[in-house]
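S.K.: Two chains, two separate frames, one set of hints: put the complex together.
Quick note, the sequences are listed as chains A and B, same order.
Be aware that the first sequence starts at 1, since it is given in our numbering, and climbs by one per residue.
Be aware that the second sequence starts at 1001, since it is given in our numbering, and climbs by one per residue.
No wet-lab data here; the hints were simulated from the structure.
In this text the structure is predicted, and so the values were computed from the model without any measurement.
We put the beta carbon where it would ideally sit given N, CA and C, even for glycine.
One or more hints might be untrue.
Stated by the list, open to error - Selected chain A positions facing chain B (in silico; Cβ < 10 Å): (1) A518; (2) T532; (3) A536; (4) K542; (5) P543; (6) A563; (7) H571; (8) L576; (9) D579; (10) A821; (11) V825.
Stated by the list, open to error - Computed Cβ-Cβ distance ranges for the label pairs, DEER-style: (12) A/D762 with B/R1091: 31 to 41 Å; (13) B/R1091 with A/L598: 21 to 31 Å; (14) B/F1055 with A/P818: 26 to 36 Å; (15) A/V69 with B/R1091: 52 to 62 Å; (16) A/G65 with B/P1054: 42 to 52 Å; (17) B/L1096 with A/D762: 40 to 50 Å.
Stated by the list, open to error - Chain A is nowhere near these chain B residues, computed Cβ spacing over 10 Å in every case: (18) A1028; (19) S1041; (20) S1056; (21) L1083; (22) V1101; (23) L1105; (24) T1109.
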Amino acid sequence: MSSATANKLRVVVIGNGMVGHRLLTTLADLGAMDSLDVTVLGEETRPAYDRVALSSVFDGKNPAGLSMVEDGFFERHGIVCHLGDPVTSIDRTKRTVTSVGGLVINYDRLVLATGSAPFVPPMEGSDGPGCFVYRTLDDLDAIARAAADPAVQRGTVIGGGLLGLEAANALRNLGLETDVVEFAPRLMPVQLDDGGGRALRRHIEALGVGVHLERRTLSVESDGARPMALTFDGHDPLATDLVVFSAGIRPRDQLARDAGLEVGERGGVLTDATLLTSDPAVYAIGECAAVDGRTYGLVAPGYQMARVVASRLAAAATGTECEDVFEASDMSTKLKLLGVAVASVGDVNPPPGVDPGVRHPLIWDDPSTGVYQRLDVDDEGRVVAAVLVGDATQYGEILATFRSGEAVPAPGELLRPTATANPAEGISPSMPVCSCENVAAGAVLDAVATGCSTVGEIKTCTAAGTGCGGCLPVVEQVLRFGLEARGETVSSALCAHFDHSRAELFEIIRIRGLRSFAEVLAEHGTERSAATIAGAGCEICKPAVASILASLGGGHILEGDQASLQDTNDHFLANLQKDGTYSVVPRIPGGEITPEKLMVIGQVAIDFGLYTKITGGQRIDLFGARVEQLPLIWRRLVDAGFESGHAYGKSLRTVKSCVGETWCRYGVADSTAMAILLEERYRGLRAPHKIKLAVSGCARECAEAQSKDVGVIATERGWNLWVGGNGGMRPRHAELLAEDLDDETLVRYIDRFLMYYVRTADRLQRTASWVESLDGGLDHVKAVVIADSLGVADALEEMMEAHVATYECEWKATIDDPQRAARFVSFVNAPDEPDPTIVFVRERDQIRPARPDERPSPDPMEVMS
Amino acid sequence: MTFLLDPPATSVAVCPVDDLVDDRGVCALVSDRHVAVFRLSGTRELVAVDNVDPFSGASVLSRGLVGSTRRDGAWVTYVASPLRKQRFDLRTGVCLDDPNVALDLFEVTVDHGMVMVQEV
Ligand code: SRM
Ligand SMILES: Cc1cc2nc3c(=O)[nH]c(=O)nc-3n(C[C@H](O)[C@H](O)[C@H](O)COP(=O)(O)OP(=O)(O)OC[C@H]3O[C@@H](n4cnc5c(N)ncnc54)[C@H](O)[C@@H]3O)c2cc1C
Ligand code: SF4
Ligand code: FES
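Pulled out of the complex, with its shape left as it was, chain B reads as follows (with noise of 0.2 Å):
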């Protein structure tokens, strides 16, 4: 996680850094996409994921549950979809229940307390 003082001029503010509880999404809107931000516990990174689940259309990822797995020795961290409990890297963005799909990942960045997520 980067700690920019300029963030750039496209990012948009979600909400203040301490309103997240860790391992629980909030939804922004950017620009006209719907943007899934996770404050992760243990290490405490932000991620942002589109919010829009591949598998239905249906805008909820940021409602999943946040979990880890491991991974070829590693663990790995993953958001489970709340409709059908297909999971997606949230490192990442690839499902690893079909790694023929993939989320769109979001820079997300800390200014001043507040979560910033960079418009693509």
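Just chain A, with the same shape it has in the complex (with noise of 0.2 Å):
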């Protein structure tokens, strides 16, 4: 150590979990880095990630996506993180930790944040081969790597509580038929009574998960290789090829007890509210600590927990006094999985020991809608718990009055708002909003104040919403309430002409049948009176309005009046260049071409002096052409069997393809045919932007099909489709919406994801970002492509089908017009006379265009004809 860091405080923390890291963050935020030596030890590999976020890398997230650090961020603090290297044993008296590795670290003050481990219940053969818990990153592959053995069929998840039912959604998802077995009589024993425990299990029988209560399991039996079956005490054995533990957590204490800390009564490092144990250089937070006696298993008390050490740790380095204290906080959760709305406020069940209180129960049970909602009041009319299962919209409401511990004088209103109610109307600003970061609604109010004015930013400022995700509707709610309160409506309206956003005039303009932008504007622009003002419109609205005209079928793009609609590229059918010259780009269906086609483009460029080269989307881009040349090009391409590639539009781009099975050692199924089809399939449909799509032959991926807005990956049984990816300046990966699907499934599903996205998203919005901005996301998107919750589905194939059967390829219809064709002119009144401003020089034995010094006025160095 360098001088310069002997006198900062030496502080060490074990465990870089989300609490630890949390306290990390922190001391980086206040500022307090400077004045100390951080070392962090843990004993996962991985830097510390999102574990509330899990089971998403089974619904298709990549791991690395989890991460909770920064790229460099321990480098840019100073920080020695020392991973994979679990500490074995702490020195009170010489203030120093040891670890596995043999590394010995002194400390001048110590932060246990262990975080717990899933409580294995004693019984043989639980610790066999095919039994698993799940916690971590490594638990969850370990999981996968068994569930992909065809052997295995079924899995059982041991423990029905909140932990439990993820994760066995969560074999769901891996295609295991899924069991649950639970010691007490119902499901979620410590957050539900029993109406709500009947009613949630109803809602995980539908969803294909046996549930089996009042089970105690006294044993896996295994042939050696993986279990077999669950024996109980008094039932039926269950057969089972795979055991996942879920009964519950115990603090990680061992050290603490080894180094002679004082713990709990039922276990965890016990603290003060200052988060100190019973040895004033050493604290401990998160799920490891028992905070006078109690212990938290959620998150957001862990952060609390993270806040209040970080400022005594950096008030201590530089001397100042600190007065925080954890301030114990309530149970409440909203459970966030299975697409069941699922939430408990309160103690339903108070602890034994503990008086309930007068506790007057209200009860809605409508098991025709699967919902059960159970509010208590006490005398005074205060709410003292509740249950909300099947429906959970008011779960907000209901605890911001539980936290209040206010009065209300119809408590019923709670449960069931009467139709007219404004969920926004008064706003309090300590009514809680995010709880896994702790963000109240003022927070938010406060973020809009100074100019927040999306979902995005609220996120950015507040935090609001970047854990779990499950308060965005409620985030969204009182971003709408602020932005209303600022004087601002909170506008989807898609320029000065139009107060409607696009998917309202979608909508407006397939059920009234408009068919030109003049009639839209005269029947739905902000003034009637366009059509008296000079060129209404602009390149807002007109390219929009345009786009949906097209997706409804509207004939050729440059109909009518939508010629005058069109972006120029459209109205080119062609892309403009910095120069005033044009691309072209013939389709090559999943960039398969035989050499004889290759062979008429490279002659074609020749004849024409074009630039080419391929493209990243595996086809090939013709640079350099003039305006009245590009009739005489697409006539030659025409002739030789190419088609339009619509690299212009907003529609579909290209569907990559890798060689798949035909070729490939590795491949399982034919992707260039795949590709081939469905490029042929969605040719030509315009959509709010443009869409990609790919299809590789195995798992290996080499077309990369998870960073399209389509993606179809093959897989021993079938095709795994992917949705909502994108490259571009906010790459992003697609997830997972189905598996192992047939050709004509897998061709069904995306009919309806591309026309569901054509006709709901905003204009410009990438599937991506359409995904996200759906409330409920890909569960949403999910529910209405397989299940057809909207029940649309039979509409959007009629339409991708109305849309298959009339495309025409548009150049070779506007070739074949000589009125169409004879707009292609640099000059109305001099149709032969190429621009002469248009200026090439020669680059690596090709065309490019002429920069500003290199342009000789008056005769140019080489005008190409």
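M.R.: Encoded structure:
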């Protein structure tokens, strides 16, 4: 250690989990890192990740995406970090910790953030092969690998609590027949009452998960390679090939016990409200801590502990005082999985020994919809506890009332608000919005007041919604309320000429059967007098309406007044380049091309002097065409069997493919054939933005399908369908929509997905941000596409069929019609005259646009003809 | 818009007025100037401005989209460059996004159904 660091306070943190890491980021935010010398030791080999979102890796999320550590964070703040090297002992007299790897590190202050470990009830066979717990990425990895074995068909979760149900959903996502075994007489015994448990059970069973209550598991019977069955006390055995234990958690307090620190009655390192343990140099935070004897199995209280300790360490480093203490929080929760809304507020089941007080339960139990709600109020009308199953929209409202401790005049209204009640009315600043990040409505409103106007900005400013994401609908509601208070109407208006959003306009045009921009403007524009304004409309609404008319099968995109709506790219059916020339991109479906066709492209390029380049989309781009050359070039290409590649349109671009099973030794399906089929099906489809697809022949994914709007990956059993990926400025990984589909179902799902996007997305919104913007995100898309939750699947498929049936190559239609072709001139009054401002120079044996200093007026160096 | 029976001798014929599509431009060669000519929807007036986009030097403004926006309570009609989308007031030539830049205006008339642009 250099002398400069000698007098810094040495802090050692054991554990780089969610709470341990929050301590580090808070210290950095407080600007305390300069006066501290911080070392972190973690048992896991990965830096901190979002454990709350752990299950999302089974929905196709990349584990790297769960990381909570910004690139270069440790280096930037001078934090020494040893991962994969757990601490084995603490010497409190010498103030050192020792690691498995033999490190011995001195501390002035020690922070225990070791989290907790899943509890595996003692029974025979519980440690054999095929038995797992559900806590870390490594655990999930092991489960996924075991489940991939074709001999493994059935999985069982022991424990029907919050985590157990999450694990059950994961097994279901892995394609296993899944059962849940619970010792208590109901699911989620801690948070629910019997009625809630019954309703939840129906929902879980409807998902195809078997529920077995009041079963004490005695043993895991195994054949030596994997489990065969579970045996119970007084019940028949249950056959299973894989077991996940989720029977509660135990604080990891062994290090503390060995070091002689005091522990709580029911485990956990005992601390007071300042988070100090029985040794004033040692703190404990997160799930391993027992604050005044009580442990917390949720992340929000852990974050609060981290904040207290960070302020205390920062104060100690600068020799100041800090009064921050941890305030006990309640354990209200909202379950975030399985598409079943479940929430509980307060304690419906007061722990033994605690006086439940007077409680009047109000119960709404509707088996027809699967909704069960219970609200307990006391004599004064204050909310004491609540259980919500099947419909938890009132969770935020009820939680706020519960926390405020105020009496409610008509508690029934809390459960079933009358339709006229305005949800945004009177949002109280103390209403909790985001429990993961402990953000109240006030903080969101403050952020709005200082200029935030989108959910994205609120996330950045307040961190609300960055945890489990369950609060995003509430965040949006508060945001709208704040914007309205700021005097802004929360407008989804397209532009000054239309008050409607693109999706609304789409429905209006579709239902009213409108055929031209003039009609749409006259009937639905902001100024009905628009017809008398010169050039009414703008570069936003015109192409948007043109795209809608085209998606609805409005004929050739240059027909009628549509010609004046198209961006120049669409107007000339080619991409405008910086010097006023255009590029030409013929469609090459799936990237497959015959040598004969390659030669045609080569010959055309030679004859017209075009620059040629292989694109990132597996086709060939020809650059430097003057507008009057476009019809001539396309005549040649169309005659040779090429079609428009729509590189100019907000429409399907390419379907990338790999060679697949036909040639590749790993391929399991003919990815090229599927790519060609899809490209020919969706070619020419106009959409809110461009659409890209890809098909890979196996999990090696050479076609990069997971970065596409629609990605298809072959499996041994069919096709996996991924959606909502994109590259570009903000790359996003696609998410898994459905697995192991046959050809027909695959195409049907893609039809539905794409048409639903075409109908409802915003202008210039790619599928990735569209999926993100939907209430419910991917789950909503799944519900619409797979389960037809909106009852629109048939209509979507019909629209797609209509598109497929009426497709024609725009270029062929253009050059076959002399009137349409006539417009392709540089000068209307001198059609044979080339544009003299277009000047090329040669570079690497091809042309490129001349730079200003290379344009020798008056006589150009080289004018291509 | 004025209909002149005797256009000045210095006018150049562009195209039949019926060939124009409302709000979509054409480019004419007038002496050695490139002129973008538009007929606007709504009022159906003819306007003509320099076709060369001053921001890029490319001869492309006739290929831009025509639109309207409210400024100080009145509608202003403009063309947006197809390259980087700067907007130019079609009646004054002034760039709405950078008032220091303006396009030359040309006088445009109709004679016996022919669009005529006056040389400058
Ligand atoms: C030609 C090509 C580059 C190349 O030389 O390889 C290209 C060229 C252009 N890209 Fe691209 N992109 C090309 C592949 C890509 C890819 C790679 C891919 O498709 O696998 C991406 C990332 C993947 C993606 O889209 O998610 C890509 C992401 C973009 C983006 C960012 C999109 C986003 O959502 O963030 C833009 C901008 C936009 O569309 O608004 C863009 C826009 C453009 C434009 C249209 C810019 C413009 O407005 O003039 C370029 C026009 C070129 C032309 O005249 O043909 N290009 N562009 C590629 C054509 C592929 C094809 O055969 O059609
Ligand atoms: C599947 C799942 C879903 C969840 N969902 C929710 C939810 O929806 N809402 C919610 O609030 N909470 C949820 N939780 C709980 C939440 O993840 C925890 O409350 C939170 O992670 C606690 O943070 P922590 O830092 O205390 O512990 P952890 O995140 O577990 O971190 C402790 C770290 O310390 C390491 N460690 C232990 N001993 C040592 C040692 N001797 N040396 C070095 N390192 C050591 C561990 O390996 C671990 O990496 C969920 C948990 C799981 C597993
Ligand atoms: S990366 Fe940028 S410069 Fe390159 S082709 Fe794409 S849009 Fe053009
Ligand atoms: S409640 Fe989990 S992110 Fe807000």
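S.K.: Against each hint, give a clear statement of whether it holds in the structure.
M.R.: For each hint, the structure was consulted:
1. The closest approach between the C-beta of A/A518 and any C-beta of chain B is roughly 8 Å, which is under the 10 Å cut-off, so the hint is satisfied.
2. For A/T532, the shortest C-beta to C-beta distance to chain B is roughly 5 Å, which falls under 10 Å, so the interface hint holds.
3. The interface hint given for A/A536 holds, since its Cβ lies 5 Å from the closest Cβ of chain B, which is under the 10 Å cut-off.
4. Taking 10 Å as the C-beta contact cut-off toward chain B, the hint placing A/K542 at the interface holds, the least distance being around 6 Å.
5. The criterion of a C-beta within 10 Å of any C-beta in chain B is met by A/P543, whose closest approach is roughly 8 Å, and the hint holds.
6. Because the beta carbon of A/A563 sits about 5 Å from the nearest beta carbon in chain B, less than 10 Å, this interface hint is met.
7. Taking 10 Å as the C-beta cut-off, the interface hint given for A/H571 holds, the closest approach to chain B being about 7 Å.
8. A hinted interface residue such as A/L576 counts as satisfied when its beta carbon comes closer than 10 Å to some beta carbon of chain B; here the least separation is about 5 Å, so the hint holds.
9. Interface hint at A/D579: satisfied, since its Cβ lies 5 Å from the closest Cβ of chain B, which is below the 10 Å cut-off.
10. The beta carbon of A/A821 comes no nearer than 14 Å to any beta carbon in chain B, farther than 10 Å, and the hint placing it at the interface is violated.
11. The beta carbon of A/V825 is positioned within 10 Å of a beta carbon in chain B (closest approach about 8 Å), and the interface hint is therefore held.
12. Against the hinted window of 31 to 41 Å, the Cβ-Cβ separation of A/D762 and B/R1091 comes to about 32 Å, which satisfies the hint.
13. At roughly 51 Å, the beta carbons of B/R1091 and A/L598 sit outside the given window of 21 to 31 Å.
14. Separation of B/F1055 from A/P818 is about 35 Å and conforms to the stated range, judged on CB atoms against 26 to 36 Å.
15. At about 57 Å, the CB distance of A/V69 to B/R1091 agrees with the hint of 52 to 62 Å.
16. A beta carbon spacing of about 45 Å between A/G65 and B/P1054 agrees with the range 42 to 52 Å that was offered as a hint.
17. In this structure, B/L1096 and A/D762 break the distance hint of 40 to 50 Å, their C-beta atoms being roughly 25 Å apart.
18. Distance to chain A contradicts B/A1028 as a non-interface residue, since its nearest Cβ pair spans about 5 Å, not more than 10 Å.
19. The non-interface label for B/S1041 is inconsistent with chain A: the shortest C-beta to C-beta separation is roughly 6 Å, within 10 Å.
20. Distance check for B/S1056 against chain A: the nearest CB is about 6 Å away, which does not clear 10 Å, and the non-interface claim fails.
21. The Cβ of B/L1083 sits about 7 Å from the closest Cβ of chain A, inside the 10 Å cut-off, so the non-interface label is violated.
22. Non-interface call for B/V1101 relative to chain A: holds, since the shortest CB-CB distance, roughly 17 Å, exceeds 10 Å.
23. Annotated as non-interface, B/L1105 keeps its C-beta farther than 10 Å from every C-beta of chain A; the closest such distance is 15 Å.
24. Listed as a non-interface residue, B/T1109 keeps its Cβ farther than 10 Å from every Cβ of chain A; the least gap is roughly 15 Å.
Checked against the numbered hints above, the structure breaks hints 10, 13, 17, 18, 19, 20 and 21 and satisfies the rest.
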